[in-house]
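Each protein sequence line maps, in turn, to chains E and L. Here numbering that gives the first Met the number 0 is used: position 120 in the first sequence is 119, and no number is missing along the way. Here numbering that gives the first Met the number 0 is used: position 397 in the second sequence is 396, and no number is missing along the way.
Wrong hints could be hidden among the right ones.
When chains are identical, the list treats them as one kind, so a pair holds in a single copy or across two.
[Claimed, not checked] Below, computed lysine to aspartate or glutamate pairings styled on DMTMM-like, alpha-carbon distance capped at 20 Å: (1) K14 - E98; (2) K541 - D386; (3) K5 - D298; (4) K2 - E98; (5) K197 - E447; (6) K395 - D20; (7) K5 - D482.
No lab work stands behind these hints: they were computed from the structure.
Given next are the chains, with one letter for each unit.
There are 2 protein chains.
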Amino acid sequence: MSKLEKYFPAMTWLKGYSRADLQIDAVASFIATILLIPQSMGYALLVGLPAVVGLYASIIPSIAYSLFGTSRTLAVGPVAITSMMTATVALPFALPSNENYAAIAIMLAFLSGIFLLLMSLLKMGFLANLLSHPVISGFISASALLIVIGQVKHLLGIDAQGNNFIELTQSMLQNIGNANKPTLLLSIIAITCLVLLKRYLTPALITLGLPAALAKTLGRAGPVLVVGGTTLCMATFSLDTMGIKIVGDVSNHLPSIPFERFTLDTMIELLPGAFLISIVGFVGSVSVAQSFAAKRKEDIKPNQELVGLGLANLGAAFSGSFPVTGGFSRSVVNVSAGAQTPMTGIITALLMLVTLLFLTPIFYYLPTAVLAASITVSILQLIDVKDLIRLYRFSKQEALALVATFLVVLFVGMEAGIITGVALSLLFFLWHTSHPHIAVVGRLPGTEHFRNVKRYEVETDPQIATIRIDENLFFANARVLEDYILSLVAQHQDIKHLILMCTAINMIDASALDSLETIDDRLKSAGIMLHLSEIKGPVMDKLTDSTLINQLSGQVFLTQHQAINALTIKPEQV
Amino acid sequence: MSKLEKYFPAMTWLKGYSRADLQIDAVASFIATILLIPQSMGYALLVGLPAVVGLYASIIPSIAYSLFGTSRTLAVGPVAITSMMTATVALPFALPSNENYAAIAIMLAFLSGIFLLLMSLLKMGFLANLLSHPVISGFISASALLIVIGQVKHLLGIDAQGNNFIELTQSMLQNIGNANKPTLLLSIIAITCLVLLKRYLTPALITLGLPAALAKTLGRAGPVLVVGGTTLCMATFSLDTMGIKIVGDVSNHLPSIPFERFTLDTMIELLPGAFLISIVGFVGSVSVAQSFAAKRKEDIKPNQELVGLGLANLGAAFSGSFPVTGGFSRSVVNVSAGAQTPMTGIITALLMLVTLLFLTPIFYYLPTAVLAASITVSILQLIDVKDLIRLYRFSKQEALALVATFLVVLFVGMEAGIITGVALSLLFFLWHTSHPHIAVVGRLPGTEHFRNVKRYEVETDPQIATIRIDENLFFANARVLEDYILSLVAQHQDIKHLILMCTAINMIDASALDSLETIDDRLKSAGIMLHLSEIKGPVMDKLTDSTLINQLSGQVFLTQHQAINALTIKPEQV
Chain E
0 MSKLEKYFPA MTWLKGYSRA DLQIDAVASF IATILLIPQS MGYALLVGLP
50 AVVGLYASII PSIAYSLFGT SRTLAVGPVA ITSMMTATVA LPFALPSNEN
100 YAAIAIMLAF LSGIFLLLMS LLKMGFLANL LSHPVISGFI SASALLIVIG
150 QVKHLLGIDA QGNNFIELTQ SMLQNIGNAN KPTLLLSIIA ITCLVLLKRY
200 LTPALITLGL PAALAKTLGR AGPVLVVGGT TLCMATFSLD TMGIKIVGDV
250 SNHLPSIPFE RFTLDTMIEL LPGAFLISIV GFVGSVSVAQ SFAAKRKEDI
300 KPNQELVGLG LANLGAAFSG SFPVTGGFSR SVVNVSAGAQ TPMTGIITAL
350 LMLVTLLFLT PIFYYLPTAV LAASITVSIL QLIDVKDLIR LYRFSKQEAL
400 ALVATFLVVL FVGMEAGIIT GVALSLLFFL WHTSHPHIAV VGRLPGTEHF
450 RNVKRYEVET DPQIATIRID ENLFFANARV LEDYILSLVA QHQDIKHLIL
500 MCTAINMIDA SALDSLETID DRLKSAGIML HLSEIKGPVM DKLTDSTLIN
550 QLSGQVFLTQ HQAINALTIK PEQV
Chain L
0 MSKLEKYFPA MTWLKGYSRA DLQIDAVASF IATILLIPQS MGYALLVGLP
50 AVVGLYASII PSIAYSLFGT SRTLAVGPVA ITSMMTATVA LPFALPSNEN
100 YAAIAIMLAF LSGIFLLLMS LLKMGFLANL LSHPVISGFI SASALLIVIG
150 QVKHLLGIDA QGNNFIELTQ SMLQNIGNAN KPTLLLSIIA ITCLVLLKRY
200 LTPALITLGL PAALAKTLGR AGPVLVVGGT TLCMATFSLD TMGIKIVGDV
250 SNHLPSIPFE RFTLDTMIEL LPGAFLISIV GFVGSVSVAQ SFAAKRKEDI
300 KPNQELVGLG LANLGAAFSG SFPVTGGFSR SVVNVSAGAQ TPMTGIITAL
350 LMLVTLLFLT PIFYYLPTAV LAASITVSIL QLIDVKDLIR LYRFSKQEAL
400 ALVATFLVVL FVGMEAGIIT GVALSLLFFL WHTSHPHIAV VGRLPGTEHF
450 RNVKRYEVET DPQIATIRID ENLFFANARV LEDYILSLVA QHQDIKHLIL
500 MCTAINMIDA SALDSLETID DRLKSAGIML HLSEIKGPVM DKLTDSTLIN
550 QLSGQVFLTQ HQAINALTIK PEQV
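Modelling step: build the complete structure from the supplied sequences, incorporating the hints.
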C-alpha cells in the first residue's frame, strides 16, 4: 500500500473506478437519498434544530468520510445516539428556541472533530475500549428510553424540556393537558402504519412476485410511504389548521454559521460533552463499519476511521449542523440499495444538496409528529432487556455495571452514567485480576505435562513446590502472589525449592517485579531457592537486566520439565 | 486451626506460652521501650500535638494489635508516614494551636479504624493493591521531603504552616528572620552526632569486644544517647532561658477525650483523608509484617491484619491520640532486642504506661529541636532517587507515574497526588493490555509444539490460520482482537479455518465474549469457521452455556495439536 493510499484511503477504490461502477453506485445513491431524507430531518428535530439542518449534516460530512474513511459501505451523517447526546449536552446552555442553541450544536461538532483527529494523532483510539459491553448496553438502553420520552412531546403536540428522565417526565406531565387531539390521532395512525409496514411490507412485496433482494430494499421504504402519505393528506385537506405542527417553510439556501455567537468560555465548558459524543460515536461507527467489512472481507483501520470521522465532524461544523457519525440504519440502507464503493456517499450527498436547493417546498406540509413517530418506532428496539438477562447469567458484576450505567444515565445524566459504568467495569476487572487463580502443580506420571494437584493425580516432591499463577503480574495482584507463596512455605516446612511456572504471565510491571524480589529475599532468608520456568519471550526481554534475574537465588529454566529434572536428579549440586 | 484462633490469633502463641518465653520477651520489651520513647514523642510533634500524645498512641494500640494481629514481630504505634498524613489532613480544619486540632486527630484515628474494619468485613483489602509501586514510591519520597521541610521550623525554632511544599516553604521563608541561633546550633550538633552514631556506634562497640548481635541492638541507641545527653545539658545549664524550646511540663495523667468537639459534619469531611491514611498505613504495615514473617516462616493473613490494625486505630482514638500503624523501624527495634512473641508489644505498652504515669518529669528539659533532628535523620533516607532511575530503565511509563505522584503530592496535595498516580497506573496498565502481543503460530516440524511464525521455522497451512493472543480478553482489548483477526482474513483470502489458541487467556468478560461472537458471525459470513483450542478450565467453566459455544461455527478442541489434525487430515468432514 502506497503512502498516498494510507493517508487518503479513497485512492484504493478511485484508481480502478469504472463507468459501470458509477452506474451501480448512482442507482444505489438515488434509493438511499429518498430513504435518508426523512431520517436526517427527524434526527435534526431530535437535537431540537430545524428539520433542514439534518440535510446540512448529510452533505459535507458524508463526502469527507467517503474520501478519508476506510469503510466502503459505512454511511456517515446524523445518527440517533449522537443526536440525543448533542441535545443533552446543549440543553443546559440554551433552549432550542434560543438562537445560541444552533451555535452550541455547531461548536460540539467542531470540538468532536478536533477530539477525533487528536485521538488519531496521539494513537489514543484505545480509550474507546474503556466503554465496556455493559456500559454501552446500559447507555444505549437509557438513551433510547430518553429519546422515546423526548419524542412524546411531538407525538402529543406539547412542549417539554429536561436534562434527565425525571425532569423530562415532569415537564411532560405538566403540559399533558395541552395535548392536541388531531396530532395524537395522527401519531397513533402513523405508528400503527410504521409497525405494520415494517413487519409486512417485504413479505407482501415478495408475495407480489418481486425478487427477494429488491423486496427487502423497498421494504425499508415504510417511513417514506408514511411521511409521503401524511404530507399529501396534510396538504390536500389543510390539516395544519387543526393545530397539527408541520415542518413549514424550509429555507432553500445554504447554511450560515453564526461565528459571532462562539465564545472560548462556552467551548471549554462543552469539552467533556464533546469528548463523550466523539468517543461514543467512534465506538458505534467502528463496530458498524467492521460488521459490514467482515462480510466483504475488507479491512477497517480504526486509526484512519478517527481521521475520517474527525473530518466529517469538522465538515458538519462548517455546514452549520451538529455532530455526526457512522450509523447502522444509514449503512443498511446503503448496502441493501447495492452500494459498491464510497462513491455512493458522495453521490447521495450531491442529491441531498439538490434536494436542499430545489425540493424543500415538498416538505412544507410534513407533520413533525410523523417524523417523531418514525424515530420512536426505530429507536424502541434499542432498549435491550434480553441482553441484561444474558449478562446476568454470565456475570453478576457486569450486569450490575449495566444497571448502574442505565439508572445513572436515566436519572442523573449522560456523563455521570458513563463515568459510573467505566469506573465499575474497571473496579470489577481489578477485583477479578487481584483474585487470580493460583495452582500448585505436579507432573502427570510419565509425561512432560504439569497440572493442578487438585484436579489431577500428579507426582510431587515434598522438597520442591511448583506454583502456576494464571494471571498477569501487576500492581493489582502483585501482593496476592506474595501472600500465597509465603503462606504456602509457612505451611510446608520441607520445601527447599520453589518454582514459579510463568506460562500464563503475559506482563510483569514494576510493582510485580518488586514483589518477586521480595519473595526471593524472603524465601532466601528461610533457606528456600526461587526458580522461574516457562517465561514468555516478551516478558523475559523485559526481565533480562533486572535485579530480580541478577540476584535470583535459583535458576531460570526454559521449561518446567527441565526445572524438575535439574532439581530432582542432582539435588546436591543445586 | 480452631475458630477461636482464627478470630483471636493471640491464642496460637498464648496457649504454649512459658515462663522462659516471658523472661526473653520482658528483656526485649525493656530495651524496645527505651528506644521507642523518643521516637513516639517525635512523631507526636510531627503531627503537631504535644509530645506526650505519642506515648498515649503507643499503649492501647500496641496491646490491641498484639492480641488481634497475625504478625509475631510487628510493632504498632505512631509511624512517620501516617503521622505526616494526619498533619496534612488535619491542618485545613484547625491549626495545631487550636483546641480542635487534637479532636480532629482523634476523629481521624477513629475513622481509620472503622475503615480498616469495614475493609476486612467486605473483604476489600484488595483495594490496597491499587497503590502500585510507582505511586507508593513517589508518595513516600514526596512525603519524606515534606516531613523534613516541616521539621526545619523546629530545627530553627520558628513558626511555619502549610498544606503543601510551596505554602510550607513560603511560610518558612517569611519567618526565617526569627530563627533562634542557640536552637540552630543545638540542631546542627544533634544532627552531626546522630549521623556519626548511626554510622560508627555499632562498629565501635564491636571493636570494644561486644558480641555482634548486642552491638547491633545497642547501635540503634544513638537517638536515645543524643536525646539523653542534650536533655541533661539543658537541665544542667538551664539552656532553655536562651530561647531553645523544650518539651516542658508533661501531664502524668491519662488522656481525656474531648467528645464535645466531635461533629458529624467534620467527620464526613474527614472521610477521604481517613480512608487514605488507613489504606496507606495498611499497605506499609502488611509489607513490613511479611518481611519479618518470611524470615521466620510465619504466616501473615492480610484480612486479619485489617482487624488488628483497625482495632489498634480505634484504641488510638479512645486513648486520645492519632492514627497508628505497623512501622518498620519500630519492628526492627523489637526484633533486634530479641522479641519472641506479641507479648513484647503488651509488655512494652505497660512499660510505656509506667513511663507516662511516673517518669514524665525526666522529659521536662528535652529540646524539641533534638526530636526534630532525630526525625530528620531517619526520614531523609526514605527519599529514593535510585528507585526512580531503576524504574525509568524498566518502564518509562511507570517512571512517569512515579514523578507525577511525587510532584502532585509535593505541590498540590496528598489526595490529589495519590489519585493522579493511581489513575496513571490504571491508564498505563490498560494501554498495555489493549496493545496485547498477538502471534500467528505454526507447528514446529515433528513436534506437538506451536510457536510464533515470526520467531521460528514452523509449518503452516494456507487454509488454516492459528492465532495466539497473549493476554486476557476483556473490554479494554476485546476490539483489538476483532481488528486483528478481521484484518488478517482480509489479507489472506485462502483462509477457511481460523483457530484461536487460548493458552494465555485467563479470563473472558462479557465485552470479549461479545467480540468473539462478532468475530464468529463475521467470519461465518465470509465463509470461514472459527475454532477454539487449549481453553483453560476456569475459562471454559464460564463459557459452557454461552451463545458463543452454542452457536460457534467451528469446534472446541482440547489441544492445538488435535485441532490441526482434525482440520488438516479430514478437511471434507469439517
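Against the structure, the hints come out as follows:
{"no.": "1", "hint": "K14 - E98", "in the structure": "neither (45 Å within a copy, 82 Å between copies)"}
{"no.": "2", "hint": "K541 - D386", "in the structure": "between (41 Å within a copy, 17 Å between copies)"}
{"no.": "3", "hint": "K5 - D298", "in the structure": "within (12 Å within a copy, 59 Å between copies)"}
{"no.": "4", "hint": "K2 - E98", "in the structure": "neither (45 Å within a copy, 72 Å between copies)"}
{"no.": "5", "hint": "K197 - E447", "in the structure": "neither (61 Å within a copy, 54 Å between copies)"}
{"no.": "6", "hint": "K395 - D20", "in the structure": "neither (51 Å within a copy, 51 Å between copies)"}
{"no.": "7", "hint": "K5 - D482", "in the structure": "between (51 Å within a copy, 17 Å between copies)"}
Taken one by one, the earlier hints fail for this structure at numbers 1, 4, 5 and 6, listed in ascending order.
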